[in-house]
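Undergrad: Below, each chain spelled out in residue letters.
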Amino acid sequence: MGGPEAGQRFEEIYLACYADLLAYIRRRVDSHDDAADALAETFATAWRRLPDVPDGHAARLWLYGVARRVLANGRRTATRRSALVERMGAQLAGWAESAAPPDDDLDAVRAAFGRLYADDREVLALVTWEGLTSDEAAVVLGCSPGAARSRLHRARKRLARELSRAGVDVARYGVRALALAGRKA
Amino acid sequence: MTDARIDRLVERIAPDPGPGLTPLARELLDEITSTPPVAARSSRWRPRLVWSRGIWSGGVRPRPAGVAGAIAVLLAATAWLGSAPASAALDIEREGDQYVVTVKDMFAEPAMYERELRIRGLKIELRVVPVSASMVGEVLVLDGTPTLSGVTRIKAPGECRHPFSFCSIGLRIPVKYRKQVAVFLGRPTRLGERYGLMTPIDVPGEPLHCVDYVNKTVADVEPMLRARGLKATFTAYGVKGPVPRDWYVYDGVLTAPGEVLMAVNRVPNPTPRPKNAFCPDSR
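Line by line, the protein sequences are chains F and P.
Its first residue numbered 1, the first sequence is counted upward by one per residue in this note's numbering.
Its first residue numbered 1001, the second sequence is counted upward by one per residue in this note's numbering.
Treat the hints as calculated values from the structure; they're not laboratory data.
Since we're looking at a predicted model, the values are computed, not measured.
Among the clues, some could well be false.
[What the hints assert, rightly or not] Computed spacing ranges between beta-carbons, pair by pair:
(1) P:1034 x F:164: 52 to 60 Å
(2) F:133 x P:1270: 20 to 28 Å
(3) F:154 x P:1241: 43 to 51 Å
(4) F:145 x P:1123: 32 to 40 Å
(5) P:1191 x F:115: 31 to 39 Å
(6) F:135 x P:1227: 50 to 58 Å
(7) F:100 x P:1217: 27 to 35 Å
(8) P:1226 x F:167: 46 to 54 Å
(9) F:102 x P:1275: 21 to 29 Å
(10) P:1228 x F:117: 47 to 55 Å
Using N, Cα and C, we set each Cβ at its ideal position, and we do this for glycine too.
Okay, chain P solo, but in the shape it has when bound (with noise of 0.2 Å):
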């Protein structure tokens, strides 16, 4: 048996990732940071992160506060690098010292994408992650420079209504980077597939937006979500079988195509989300 046949039998026994970053992983980052880091160093390094919105999604669609948002690719150019293959997962143009490279199939493998990247000396990790359909076409760089003079984003036309987003539809990268960047790109799901990335329930674009939930019961949110035609399960921390219909809805995020996990607690919850993070009209 050789060993990329054994590599492959033990990936497919690799047990399910989670649920990824989740509302309450945002709460346990404030939690965490809450606390008084301890004296430091000054760091060398520090990575830029940049969540913005991509140009598969359709509209301008505003993003999550923070993080909840996931993910999209575009990297950058003019002169053209050379002839890519007709079924080139990226679009890599140069334009001057820089590249601009556009994601053309999302559905192809990571590793496809990486080598083309290679092939240009880009050290690029891409992942390629399914996500909800407000969330397709976001994207994550991490792109290792203290400065903001790496991956820079390049902004869709028009305003970008959303404060906490960019608007990106693509990225720049100099034609001689060589840091290690890591990209994540949210991409539609197959059939049957869950997210790969979870998405609150109320961030635009998503059932619940603007929707009055927070610390209502089971019993109230239930009807609304089966109206908008979810699937839900709702999960309390100690509780084994159904949550009691009279306890309390803190959150929720989408985990597959019709399908939310909302959290729930036999008491309100005392410190929710500002109704006006998500959704800024407060309708």
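Chain F extracted, bound-state conformation (with noise of 0.2 Å):
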């Protein structure tokens, strides 16, 4: 595949996981200069690699598998950081200045999660942040599905943990949170 044709399926993977990989890369890292880098270099990886990239559902997967070693690499590669990758992260910084400011009731929340292992913290957002499946979150971490699910299982156990330690009521809280959440529906 090459020439026109690899540029379509490009394309078509690109405008549909864009969002995605967006919010998973602003979710993970704090500076927007890094975000708007990283996020291009998982795409760039993904064109240098396109019949890696796996059909349909799992190209997504894929693509959240890369950004996470783009990640974990730090500063990733010898690509100098594009004029067009600084305007994103200038506009990714506008975005998050003139987006609303978190709710101060999950503070705790918060705090306890940012107590937990890097591990725990990532197969817990996997699942609720970008929704996925215990077994879809596997993919992502390169482990075996029951991996995930043992995984995932200790995550909530100590997150549940730390919540109590730091005093959070949470049954109270949990009655709460139910109550805004259906507030917003």
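Since each chain comes alone in its own frame, lean on the hints to assemble the complex.
TA: Written as structure tokens, this is what we have:
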């Protein structure tokens, strides 16, 4: 495959997955410039390895896996950050400034989540933020479905413990959270 | 604490997903694909991507070139498949060996759409995204086939005026279709909601359509936006705080009802998007 056909396939994958990948990376990187850089690097990798990108729904999981490695590798390749990527970083910064501030009520949950091991955070985030099943999370994490399930189980238990240790009134909080969610719906 | 409750709490601390598919994202696509890809084996599968306008957006509205447009759903039928609940999120009918599905309740939870489709054996992932008024009813479909044999579009009656739009009002899905399909549906925003998909400010139906603003200064563009009742945020790389008013505007996107984000730079954009990309008549 090459030429227009490769371009078309890549474009289709890019358009379908871009927003999800942007969200995935933004949620894991504080610096807007680094987020733009990682996003560009992830899709550039997909372009270079287009034949390896799986079909259909699995493409998104594959891209999450690439993004995960890109982020884990820190400042990735020898490629110079392009002017366009710099503009994207600026746009992300502008977006963040104009976005609504996070809900203060959830600070204790955020703090407890932040105290988890990175692996625990990642499996929980994949399931709740990216909306993956544990089997799909296993694809992203490169482990067996069984391993992902037990990681998820452990992560939930650890978070519950952290919340309890932090004195968060979980039962009451849960009721309040549900009420808020109901009001938003 | 149950798993569901833990998950719900974590879900609620999810950081903001970001601006989605902006014009800059389109530029990045062009930049990446301007380099030659590595020679590759042939693909077994190539998804078909369809951007189309839907029936909820009112009159015939041209769509932005390529992508910047967002989203709608309708999926396909005439023989009724059984009684649907009065509050059904989807209107699903059967027409021979195909389903015709239309969305009845755009604010229904995606899980409800998916459940109704799953009952018919269709594996369709639906994402409902708040979008600007001009994008309500747009649909993006990824049907998982190498040919046009999967999900097909139903074209609206009459002439489709825009060269990039199919002006679709629905989708037809073969009854026995078992591939995974992803469908993104644009719905109106609720009060206080931000757009889940950014719309360029100059596509048809949006405030600066056919308005000459690219490479004008912030000082020039600001009153244009104010006159249209828009609250603008100007942003430039590496600039903290207010952007100099004599810098140049590159592009802009709608971020929420009445709010825009404008990208600016110290120097004019040497390669601005051709004016007729979104404004064919160059009015």
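Undergrad: Decide, hint by hint, whether the structure agrees.
TA: Each hint, compared with the structure:
1. Checking the proposed 52 to 60 Å range against residue 1034 of chain P and residue 164 of chain F shows it holds: the Cβ atoms sit about 53 Å from each other.
2. At roughly 47 Å, the beta carbons of residue 133 of chain F and residue 1270 of chain P sit outside the given window of 20 to 28 Å.
3. Distance hint for residue 154 of chain F and residue 1241 of chain P: a CB-CB separation of about 45 Å, consistent with the stated range 43 to 51 Å.
4. For the hinted restraint 32 to 40 Å between residue 145 of chain F and residue 1123 of chain P, the CB-CB distance of approximately 18 Å leaves it violated.
5. Here the CB-CB span from residue 1191 of chain P to residue 115 of chain F is close to 35 Å, well matched to the stated 31 to 39 Å.
6. Separation of residue 135 of chain F from residue 1227 of chain P is about 53 Å and conforms to the stated range, judged on CB atoms against 50 to 58 Å.
7. Look at residue 100 of chain F against residue 1217 of chain P: about 29 Å separates their beta carbons, and that is inside 27 to 35 Å.
8. About 48 Å separates the C-beta atoms of residue 1226 of chain P and residue 167 of chain F, a value consistent with the hinted range of 46 to 54 Å.
9. Checking the proposed 21 to 29 Å range against residue 102 of chain F and residue 1275 of chain P shows it is violated: the Cβ atoms sit about 40 Å from each other.
10. At about 50 Å, the CB distance of residue 1228 of chain P to residue 117 of chain F agrees with the hint of 47 to 55 Å.
Violated hints, in rising order: 2, 4, 9; the structure is consistent with all others.
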